[in-house]
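For the record, the sequence lines run as chains Z and A.
Numbering of the first sequence is given in my numbering, commencing with residue 1 and proceeding in unit increments.
Numbering of the second sequence is given in my numbering, commencing with residue 1 and proceeding in unit increments.
In case anyone wonders, no lab produced these hints; they're calculated from the structure.
Don't be surprised by glycine CBs; every beta carbon is placed ideally from N, CA and C.
Fair warning: there could be bad hints in the mix.
[To be verified] Partial list, computed: chain A residues near chain Z (C-beta under 10 Å):
no., residue
1, 44
2, 142
3, 219
4, 239
5, 251
6, 283
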Amino acid sequence: MVGRLRLHAYIAATAVLASGFVVWSLPRVTLLPVVAVMAAVMIAEHFATVMRDRMAVSLTNVVALVAIVLGGPALAVVGTLGAAPICARRSSPPFRVSNTVFNSSMLPLSAAAGGFAYEALLARLGGVFPDWRSLLAITAAAAIYSVVNHALVAAVVSLATGDAFLDTFRTVGPSLAMQIPYVGIAVLTVVVIERASWWAVLLMAVPALIARYGLRAFQELDQEYERLVSGFVKAIEIKDLYTRGHSERVSQLSVHVAEELGVGYEERRITKYAALLHDVGKIGVPLCIINKPGPLDDDEFAKMQEHPSIGVDILYDIDFLEPAIDIVRYHHERLDGRGYPHGVGEEHLSRLVRIVTAVDAFDAMTSTRSYRRALGVEEAIAELERCSGPQFDAEVVAALTRCVHRLGWKPTVDFASEAALHGAAIPNAPVGELRRSRGALPMRRERKADASSARGAGNWGSR
Amino acid sequence: MIAAGRFVAVASVLVLGSVLGAAWWIMEVDQALLLQLELRDILLFTIAAAVMELLPIRLADGRALPTSLAVVGAAALLGGSPVVVALIAASAYVASCLLARRTPVVLEVVQRAVGGWTLSGVAAIGALLGPATWTGNPEVGAAASLNLGAAVAVGLAVLVGVPAVETLTGLDTGWRFAWRRIGEEIQRNSLVGASIAATAALGALVHPVLGLWTLPTMLLPLAAARAGLDRLALGQRAYDQTIRAMSRLPEQLGTVTPDHGVRVAELAREVALELGLDASTVAETVRAAHLHELGRIKLEREAPAPQHELATAGADVLREVGDLDRVAAIVAAQADLRASPRDAVGLPARIIVACCELDSYAPDPAAPAQRHEAVVRLVREVGDLDVVAALTRVLDRTERQLVG
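So that you can see chain Z by itself, here it is in the shape it has in the complex (with noise of 0.2 Å):
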């Protein structure tokens, strides 16, 4: 409740400023200028693209630019005003007004800050543009701009999430460094209109749009593409009753824990990608075995063991999952080394590799297989802390156990196979007995000597 006061009062307050800025510049400006300032800036608002990674990239700080050198701050602070029906139609009913009230007043702030900055410095270098002084005005301009922009964003945020204001604002260093593009397209444009005429402007509006274009497609074809990837997956689950759901679920809950490690964007994305398909190579090994109820033996335990491996010879030259095949490569590997199929240690396992394999591991546990029953989640998880070490990481699965709950996670029971494993004869998850097969001695020779139970307890996962 008190959190909710001081986020209203800080909304309030930046609208007292920003209406006491408007007001100081309304008798400085002019209508026609201001008309086509409003106007550009619902145009960049408008056209503003919201990249994968919640970065929103927006034209409208050239335009405040463009205007503070054009007309100084007045014509800044009133033309961004223009963005305020913008930010109505973009926001939903419960926060409608306060979002709006606080997006149209940020922008007046800003610009005001950037135009005073800009004047005060010019006066003291003395500059005349497009001299470099007045060039180093503006990039200070800019700079001042943008700092003000993320210091009020950061800070409604960190009120209205509890967030600590610092993580919101350090996005402000990626924004600076974008702040020198946007600096050369607004000294273009000053040159533009002033020496040139209004209409020359299109010139540049022709790359602009081109360069929206070509990420809005982007991004369309990225969704596609997912779809294509999951639809991959989908297909090869056709035959298999006890894995179908298994890629997207491991994806999901393999994305959350990488989150709840801190990986970052990119590597999620891949992180999604590598989960999703790396069971791709059980196209490879005969259906009978991967549907068999009851234990493997050693051949078609072989047999099953070749499917990561598979998996990369499909993958392998889909240069965008490079980074990806590695997950696949290696998603029954071990840390001790003795998981397969190349039996490499710790030092080839990286974190992605590591979150993909337990997550694996939970969900095989946790869903009903043709070899054994559901796990329930608290048994799964105690079975991957016990083997936290030399088979998963231990910070991925404390990551894993966290997400689990946070989720409430709960495991699979297919009716499918439900129905199908009634009919078979399925020993029940045999854990205590997977518990004492696993002892002391190497896996190698323990499968040897007793393949199925080894097997079982060796490598949790999806066989």
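Place chain A on chain Z using the hints.
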């Protein structure tokens, strides 16, 4: 024969370009485009063009379009003589190769030089034909100015001329369907071309005001366009490569020879081009060819699969994948070729069945008897003489070594 055709194309482009370039000298002094470029400008333009050579825009098919054309175009619009513009274009290319530690290719150097030479002449012709130089607002200082006729001419050269020349000098299906190919190439290049043409005009426009600062600022919007288009191409490549990876799924079942899907797709692409199909149908044909055996993952392992069952199962799988409806339709049409009309679905289906049959049978190109038998089989299986004829032409042309 094809080689001779290509030689004629290249030679006529060279002659035409040289003649067009020479038009620059016809201009009277009072008609001349703006200022002549000074040595300092020439140097700066060369550096900028060299940098842009290193930042090409990549298309989905892997080709790279040089954005340095924007800088070269601006130099032409500013009145650079054919010699100067050709020098800028060629030396920028060489400099970029040295920077990237690559060996410059002589053909590329000649291409750049002729391109620059021609663009300069084209700008001059535009200035002769078009309206006079337009000058902006001189009250605040140096005014921006641009010769509109020249700008339009250079724009047309970039948007239409360059793709047309690229297509004509690269045609390997002979002169048939040349117009369609040129049209498709213009369409494919239109976004990049528009960015480059607009940037060249912008650079020429602001050069009188910004002088030294022209190049770094004018190229910024182009760099943004490049970022957007590059991402798009990356996405398209990922999509196509995933289709290719899917073509390997049936191979893992052991019933199809390794890379069968990839080979059939390559062959089907050439046959589709040979038959003059439009670009989007060619693309769908290639996708369907990659995935034509996909039905095997649904059928019983190792059991012999009759054509119609395989096709129906494949279409089922593809429909489950989603977003591949036309590909699914092409695969489904393989079930009964004679019943499917000869349209954008039926024709690709015939092409794929023919290519698949040929790849499985794999006649030795050196043995005429085998070749004859293959043709007979194809006619019997596919029942479409045009498709079989196109396939044999492709085989003759490429002397493809088929692997069984």
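Here is what the structure says about each hint:
Below 10 Å, beta-carbon pairs count as interface contacts, and residue 44(A) has none with chain Z, the closest being about 16 Å; its hint is therefore violated. With a cut of 10 Å, the hint placing residue 142(A) at the interface with chain Z holds, because the nearest CB-to-CB distance is about 7 Å. Among the interface hints, the one on residue 219(A) holds; its C-beta lies about 9 Å from the nearest C-beta in chain Z, closer than the 10 Å criterion. Checking residue 239(A) against chain Z: minimum C-beta separation of about 5 Å stays under 10 Å; hint holds.
Interface restraint check: residue 251(A) against chain Z, minimum CB-CB distance 9 Å, threshold 10 Å, status holds. Given the 10 Å rule on beta carbons, the hint for residue 283(A) is violated: about 14 Å separates it from the nearest Cβ of chain Z.
Comparing the model with each earlier hint shows violations of hints 1 and 6; every other hint is respected.
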